[in-house]
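Q: Here are the chains, one letter per residue:
There are 2 protein chains.
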Amino acid sequence: MKIENVEFHYLANDTILDIGDGSQDALLVHVRMDDGSEGWGECEAAPLVSIAAWCCPMSHLACKPLKATVIGFEINGPADIYALTDRVRRNSFDLLQADHTLSGIDIALWDMLGKKRGEPVWNLLGYANAYPKTAYASQLFGDTPQQTYEKAVQSREAGFRAAKFGWGPFGLGSPETDIDHVRAAREGLGPDLALMIDAGTVWVHDVARAAAVLPALREAKAVWLEEPFTSGALKAYAALAQQDGCARLLAAGEGSHDPDMAFNLMDFGKLGFIQIDTGRIGGISSAKKVAEYAEKTGVVYVNHTFTTSLALSASIQPFAGLKDSPWCEFPVESAPPSRLLTKERLLPDANGQIRLPDAPGLGVDINPDTIARYGRQVSIQYENQMLWSSK
Amino acid sequence: MKIENVEFHYLANDTILDIGDGSQDALLVHVRMDDGSEGWGECEAAPLVSIAAWCCPMSHLACKPLKATVIGFEINGPADIYALTDRVRRNSFDLLQADHTLSGIDIALWDMLGKKRGEPVWNLLGYANAYPKTAYASQLFGDTPQQTYEKAVQSREAGFRAAKFGWGPFGLGSPETDIDHVRAAREGLGPDLALMIDAGTVWVHDVARAAAVLPALREAKAVWLEEPFTSGALKAYAALAQQDGCARLLAAGEGSHDPDMAFNLMDFGKLGFIQIDTGRIGGISSAKKVAEYAEKTGVVYVNHTFTTSLALSASIQPFAGLKDSPWCEFPVESAPPSRLLTKERLLPDANGQIRLPDAPGLGVDINPDTIARYGRQVSIQYENQMLWSSK
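Just so you know, the protein sequences line up as chains F and D, in that order.
Using my numbering, the letters of the first sequence map in sequence onto residues 71 to 461.
Using my numbering, the letters of the second sequence map in sequence onto residues 71 to 461.
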């Protein structure tokens with residue numbers, strides 16, 4: 071069967087706030103094959119730019135819009151979906167945004183194939199089991215240590231077994247303030263919950279500044295320290311990983327927009343945890359390659375996701391069968407277009423664990439009312455041609 | 071003074087061919103300050119997508135359109151231009167295409183500042199001299215070894231002292247065919263001209279396949295082997311660099327869209343040559359950081375460029391003062407919108423060398439007739455707002 075049509079739905083909240091909350095908008099991808107099979111996917115961040123990467127005019131042989139490669143491509147099994155990734159990367163390698171657009175299309179194709187065959191995606195990927203993952207409540211630090219403490223208490227009372235705090239004031243002031251926040255988080259969670267800390271790339275390349283918080287992280291028994299540096303700062307990651315008690319403590323990778331970037335973080339940045347956003351790395355096909363490499367090299371794979379239940383399901387599928395990768399990011403503060411996208415939400419169970427649906431494809435159903443309510447109209451015109459217009 | 075307006079001009083040839091020729095379109099950037107100062111820059115590849123990155127709605131705190139950061143930003147000297155790069159990267163780090171758009175804006179700001187102060191950009195960058203660079207005629211392999219031979223003869227007869235052949239059939243068939251092309255190129259150039267070979271990432275991660283052509287490269291005294299693998303395949307680069315006679319032979323880097331990617335290729339990929347496209351890495355500010363690092367670590371810096379004299383000037387400025395980085399890419403097969411953009415073209419002199427103009431800014435003047443002739447109309451609408459419309 072051939073890919074006949076790809077539709078993009080740009081959802082956005084009525085007001086977009088200038089805060090670190092990626093759930094305020096979403097770019098949904100709806101793929102339809104020539105035999106009527108359908109699937110849904112989602113691209114991470116900047117919906118309008120990813121639509122432009124779909125429909126823009128060709129610049130040259132290696133800078134084509136995605137539609138030039140995708141429409142008409144024959145998909146009859148998993149190998150064809152992997153092959154599409156290679157073809158898109160070859161045809162669009164000078165088009166930087168292409169990896170985001172590809173991500174949503176690839177996810178939608180896996181969903182489509184799973185639905186067509188009546189199998190969950192993790193099964194198509196070759197996993198016999200989908201292990202439950204312990205959800206960590208992923209949230210921003212409070213503005214003050216007291217607020218961080220209160221958020222931690224809320225996470226514990228909500229039944230989570232793990233929580234991650236990031237961004238907000240962390241890393242911007244003195245190490246002492248950071249340490250106060252880490253201690254407040256641990257105090258609020260109590261001794262038994264797992265605690266993760268996310269520095270949000272705040273120290274760029276500054277190894278010494280990052281090292282200043284290490285004793286507090288050890289004291290608080292943090293599971294990991296995430297993104298002390300920018301995604302590509304491999305030398306800084308390697309230097310920090312060599313510090314006392316820092317082996318296998320570092321986590322990063324959400325910025326990876328192809329598998330090579332993730333491989334490099336593992337090989338040269340000496341990570342303990344590799345965090346992959348399926349909506350950015352090129353979709354499930356690319357994420358699965360990273361999961362295989364992580365398993366081979368003893369690195370723990372973690373999903374990165376901050377939007378919908380569709381994106382959450384897609385982000386877990388690539389490592390569903392890896393028993394030694396037990397954590398799962400779960401966004402607790404999500405805005406309406408993301409929260410309301412699917413008919414049922416993927417939520418932690420009484421043990422604080424997320425279980426992937428044992429249902430065809432990604433196992434979630436899209437709520438058309440949410441598309442109608444939050445869908446935004448986009449049109450892109452070039453000369454006298456309408457390149458894109460939302461239906 | 072503050073940045074008051076940024077105008078984008080999307081130039082494209084009447085027909086865009088499906089060939090490896092990046093000069094068929096161009097995205098020009100025209101920056102105007104509130105005191106009337108002006109400058110011009112250029113972004114590499116996919117003009118429409120880069121315009122979308124300028125004007126799209128915000129997704130969240132770290133995914134803002136470039137206009138949100140750029141308009142109103144205060145620029146009074148070089149340090150402010152560097153600071154703008156940091157600010158854009160912080161505000162738009164989830165917007166993948168942002169680096170391309172930033173590139174053109176950054177270049178235009180250096181041009182503007184140079185013109186305002188009556189100094190060439192290389193001077194503003196701290197260089198006392200702009201050393202002439204030996205231009206290598208950058209071109210595609212012929213379809214057959216005979217055609218490659220003829221192209222090499224033409225390059226020699228045109229007065230070039232160096233030539234690079236890339237893409238086309240190279241690497242796609244057997245190693246023997248590749249070797250025939252390399253020998254034909256050397257034969258056509260004669261014994262005295264420098265020869266560079268560009269594999270255009272064709273072997274992805276396959277070290278053994280790349281190694282199969284090494285003896286022929288040694289025999290032909292190739293100066294470098296460029297991009298045997300995809301930009302991020304650091305382990306493969308490192309493995310090939312360890313082969314006999316391969317130390318300091320590898321060249322790569324054109325895909326780098328931030329300085330970290332280039333640093334990683336030098337530190338971990340063990341390159342001999344780092345090739346930077348100023349229109350992609352984030353502009354002159356980011357390219358200059360790579361040039362400084364290359365000088366410090368003994369790697370030869372080379373520009374990557376395939377479009378206009380404006381882009382060529384911008385691509386040489388960051389390493390103008392590095393005496394030990396003597397080569398300069400010069401596209402010999404350029405299409406009208408690129409060839410005709412500037413009133414005078416930057417061409418090799420009788421010694422086959424390119425000299426940067428000792429003139430304010432980038433030292434080239436834009437031809438308004440070319441914009442009028444090849445400028446294309448783009449409009450982008452979101453809900454009831456016109457986000458972008460070409461003037």
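Treat the hints as calculated values from the structure; they're not laboratory data.
The structure displayed is predicted, hence computed values, not measured ones.
It is possible that some hints are incorrect.
Same chains, same label: a pair holds when it works inside one copy or across any pair of copies.
[Stated by the list, open to error] Below, simulated DSSO-like cross-link-like pairs (lysine-lysine); rule was C-alpha separation at most 30 Å, straight line: (1) Lys461 to Lys393; (2) Lys291 to Lys186; (3) Lys137 to Lys340; (4) Lys393 to Lys72; (5) Lys366 to Lys72; (6) Lys305 to Lys72; (7) Lys366 to Lys461; (8) Lys291 to Lys72; (9) Lys340 to Lys305; (10) Lys185 to Lys461; (11) Lys291 to Lys413; (12) Lys291 to Lys461; (13) Lys305 to Lys185; (14) Lys340 to Lys72; (15) Lys186 to Lys305.
Q: Give a verdict on every hint.
A: Hint check results:
| no. | hint | result |
| --- | --- | --- |
| 1 | Lys461 to Lys393 | neither (43 Å within a copy, 57 Å between copies) |
| 2 | Lys291 to Lys186 | neither (45 Å within a copy, 56 Å between copies) |
| 3 | Lys137 to Lys340 | neither (37 Å within a copy, 37 Å between copies) |
| 4 | Lys393 to Lys72 | neither (35 Å within a copy, 55 Å between copies) |
| 5 | Lys366 to Lys72 | neither (34 Å within a copy, 52 Å between copies) |
| 6 | Lys305 to Lys72 | neither (44 Å within a copy, 36 Å between copies) |
| 7 | Lys366 to Lys461 | neither (45 Å within a copy, 55 Å between copies) |
| 8 | Lys291 to Lys72 | neither (51 Å within a copy, 48 Å between copies) |
| 9 | Lys340 to Lys305 | both (10 Å within a copy, 14 Å between copies) |
| 10 | Lys185 to Lys461 | within (25 Å within a copy, 47 Å between copies) |
| 11 | Lys291 to Lys413 | neither (38 Å within a copy, 65 Å between copies) |
| 12 | Lys291 to Lys461 | neither (51 Å within a copy, 58 Å between copies) |
| 13 | Lys305 to Lys185 | neither (44 Å within a copy, 38 Å between copies) |
| 14 | Lys340 to Lys72 | neither (42 Å within a copy, 43 Å between copies) |
| 15 | Lys186 to Lys305 | neither (45 Å within a copy, 39 Å between copies) |
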